[in-house]
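Since the structure of chain A is provided, determine the placement of chain B on it from the hints.
These protein sequences, in sequence, are chains A and B.
Each residue of the first sequence is one higher than the one before, counting from 1 in this note's numbering.
Each residue of the second sequence is one higher than the one before, counting from 1 in this note's numbering.
Among the hints, erroneous ones may be present.
[Stated by the list, open to error] With a straight-line cut-off of 20 Å between C-alpha atoms, the simulated EDC-like cross-links for lysine to aspartate or glutamate are: (1) B:Lys294 - B:Asp384; (2) B:Lys212 - A:Glu268; (3) B:Lys212 - B:Glu223; (4) B:Lys84 - B:Asp384; (5) B:Lys294 - A:Glu63; (6) B:Lys84 - B:Glu252.
[Unchecked claim] Distance ranges between label pairs, derived from CB positions: (7) B:Asp125 - A:Val77: 31 to 37 Å; (8) B:Thr105 - A:Val284: 56 to 62 Å; (9) B:Glu103 - A:Tyr269: 48 to 54 Å; (10) B:Glu425 - A:Asn123: 57 to 63 Å; (11) A:Arg194 - B:Leu338: 55 to 61 Å; (12) B:Tyr335 - A:Arg94: 49 to 55 Å; (13) B:Glu426 - A:Gly134: 33 to 39 Å; (14) A:Tyr269 - B:Pro209: 18 to 24 Å.
[What the hints assert, rightly or not] Listed next, the stretches of chain B that the computed footprint assigns to chain A, with coverage defined by at least 3 CB atoms under 8 Å from CB atoms of chain A: (15) 65-71; (16) 191-197; (17) 241-254; (18) 260-272.
It is worth saying that the hints were derived from the structure and are not from the lab.
Note that this is a predicted model, so its numbers are computed, not measured.
Positions of the beta carbon are idealized from the N, C-alpha and C atoms, including for glycine.
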Amino acid sequence: MVSIGLFTQTLVNGLLLAGIYMAVGVGFSLVFGVLEIIDFAVGQYVMVGAFAGAALAPLLGGEALFAVPFVFAAFFVVGILVQPFIHHVTTGDRPMPLLMGLVFTFGLARFIRGSVLTIAGPNTRDVPTNIAVGSFEIPSIGTFPTVRVATALFGIFALAAFLYYLYRTDGGTAIRSVAEDRDISRLMGVNINRYQSLSYGAYAAVTASAGVFIGMVYSANVGMGMQYTGFAFFMIVLAGMGYLPGILLSGLVLGIVQSLTAVYLGSEYVFFILFGLIWVLLLVRPTGILGKGEVA
Amino acid sequence: MSSDNTKSKTDTIQTNQPTSRTTFGRRNLLKTGSILGLASLAGCAGGGGSGSDRDTFRFGIVTSLSGPLRYGGQVTKRGYDIWKNRINEDGGIEVNGNRYEVEFTYADAQSDPSTGADATQQMIDNEDVDAMLGPYSSQVPLSMGPILDQNQMPCITGSSESPQLWRNQHEYLFGTIPSVNVFVSEVTEMFLSFDPSAESAYITGVNGPFSKSAAQGMREGAEAAGAEVLGYELYPVDADRSSIISEAQAAEPDVHLNSGNIDSNATFMSSAQELSYEPNGFFQHYGINTPGFKNAGDAAAYTFGATLWLPQAGRSGGRLWGDSQTYADQFQAEYDKLPEYTEAASSATGVVYQEALAELGAEPPLTGDEQTELIGILEDITVDTFWGTIDYESDGENYHNNITTDPLAIQLNEDLDPEIVAPAEEAETDPTYPIPSWSDR
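If we strip away everything but chain A, and leave its shape as in the complex, we get:
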């Protein structure tokens, strides 16, 4: 017999997980659309963001939430600096630019992981917060852990901000035009390099900031990045490759399916179900669940 209380709490858990995944997936989807690269380093930006939160929190009164603006600004600059290298290896007369970008970002991921391992060591670090602690309860629905709610709100806010910028500003229009067709955008006077740098900077900033929140939920660990890379891949395939609004739906599906599977089938079946879902989707609807993504 299914307990209603357990069912609603499972949905709550899934919704909050969805917010965490949205925070990771939104930037990843943007750079796929604009730079046409699959950034294998996405999970490592999460990891290094979490470590940055752990390192900065003691300097900010033991509160990692205060580290978020600093991490955002720092990684925006990092992204701006890294993007020209990606541009260099994916343009010109190089064959298979998608593969070149994948290989470059794979190397970048290994470099980030190795650097953090060397500097911070293999031990797990606490990412402390004194503000986002405890939980609140909504009767008949469930318990809402504050730190997870904060993370989910960050994910939703990041997605909303990206969507607003993309669909309500001139800069956003330029970015969308780059995503649509680089050559025509260039002919129309759009500075491609500038908007690609901005996009990668925003992606690195949001993803690393998401890492601070994820670190507050779980802790910072050198090995944590790989699973978020996997989840990000899942999200952009489900959302439709390069289709940013689809991240909302794919995040919800990822979070809720994960929670329901863990409770009603068993945690060991979660990845089997999730990636089974992806395989089926790629076979029957390669443009994503909403049918608006690119076909690779």
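For chain B alone, coordinates are given in the frame of chain A:
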């Protein structure tokens, strides 16, 4: 010039004994080749017996100095190293009234069983070791066991807890730490007998060889204590804990028992706090007295755990360190930290070798026969140490595992310091049970 000289010498030999010299040379060559071949075969069969002349006991150590298990690898290394330093300060291992210092040769298993197996073979073939000390974790020694048997090389591991190691019945492999299922089962029974005794339990664990064995030990202990097991779930190490905890919360058990590595146990407690999951007590079998677990902060307080040794355990006897506190003080002075039970077990393993080699009465380097004789001594010997009594089983499913050392139930107090709460004869204080609710901390 040189070729002329050579020619001249050869000519001279041929002139003096032309026919017999040629014949003798061939026979000599055959003899020499045969002797060398037999010697190398004997060397292979003997597993390390060598003709080298040295007055030190040489131990080979294969442990993970890099990779995901390197934290544990360093734990074993610290434990072994402090024994070596201490015994050498003491003049060395005493055999027949003479003292022989100890030297170590390390090889990095890189947290990988196949690399550990290769390193073991190379250690035996190239390093001329008398005996070996084993690695942290259980996967690497599982791959080392057949190689040790094949080469008749004694090895004691001071930091492996999987029961699978002993079920494989390796003749040359011993283990100082009791199988995790054995000691966790005993501590689970202690935990469930606190007043008011738990009538139901929920058991979860990371789905890995070590944690799974611990979870099975928890289930055996719960059933032995007469508690109803409301749920038993193994989950992947990366799984989000919220669903697992919500499911357990819905079952409303008296106590929750969880097995995993240090980080996953800390995450589990943080998630339990976030979701206001409040059974009468939480039991984590491993690592509650480590900085990694204490990362969980308030959520870690009042957690129960199992251990085999603490500095305040009051164990005494044996060579080098008279009691557990003396060992802890020396360890603190050398490494600026308190020792974990695995570090202490690694050091105690050295003390066992010390006693066994004294009983063997053979000077270094050991021959193959002496190494085999050492196995018989290790099977029969009982050694009192600062870590507790060590006595390896000589048959059964715990073959060559020491299951004599008594486990302890511990609890972190509100300052996150561990206190022994059971068994009664070794308890420092009464358990805080049921534990305070999250809002009262």
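Hey, B:Lys212 versus B:Glu223, does the alpha-carbon distance stay inside 20 Å?
17 Å, holds
Within 49 to 55 Å: is that where the Cβ-Cβ distance between B:Tyr335 and A:Arg94 falls?
52 Å, holds
Check of the segment 191-197 of chain B against chain A for coverage (Cβ-Cβ below 8 Å, three residues minimum):
As far as the segment 191-197 of chain B goes, the hint is violated, because 0 residues have Cβ atoms under 8 Å from chain A.
At a Cβ distance under 8 Å, does chain A reach at least three residues of the segment 260-272 of chain B?
Check passed, 6 qualifying residues.
Verify the coverage statement for the segment 241-254 of chain B against chain A, using a C-beta to C-beta distance below 8 Å and requiring 3 or more qualifying residues.
As far as the segment 241-254 of chain B goes, the hint holds, because 7 residues have Cβ atoms under 8 Å from chain A.
Given the hint that B:Lys294 pairs with A:Glu63, test it: the Cα-Cα distance must not exceed 20 Å.
Given pair B:Lys294, A:Glu63 holds - Cα atoms ~18 Å apart, limit 20 Å.
Within a Cα-Cα threshold of 20 Å, do B:Lys294 and B:Asp384 meet the stated pairing?
Not OK: B:Lys294 and B:Asp384 at ~32 Å, beyond 20 Å, violated.
Outcome for the supplied range 55 to 61 Å, where the beta carbon pair is A:Arg194 and B:Leu338
This hint holds: roughly 56 Å between Cβ atoms.
18 to 24 Å was suggested as the range; check whether the CB atoms of A:Tyr269 and B:Pro209 agree with it.
20 Å, holds
Does the beta carbon distance between B:Glu103 and A:Tyr269 stay inside 48 to 54 Å, or does it fall outside?
At 51 Å between Cβs, range holds.
Three residues or more, CB to CB closer than 8 Å: is that satisfied between the segment 65-71 of chain B and chain A?
Since 3 is at least three, the answer is holds.
Given hint B:Asp384 paired with B:Lys84 - CA-CA distance at most 20 Å
Judged against 20 Å, a Cα distance of about 18 Å means the pair holds.
Consistency with the previously given hints fails for numbers 1, 6, 7, 10, 16, ordered from lowest to highest.
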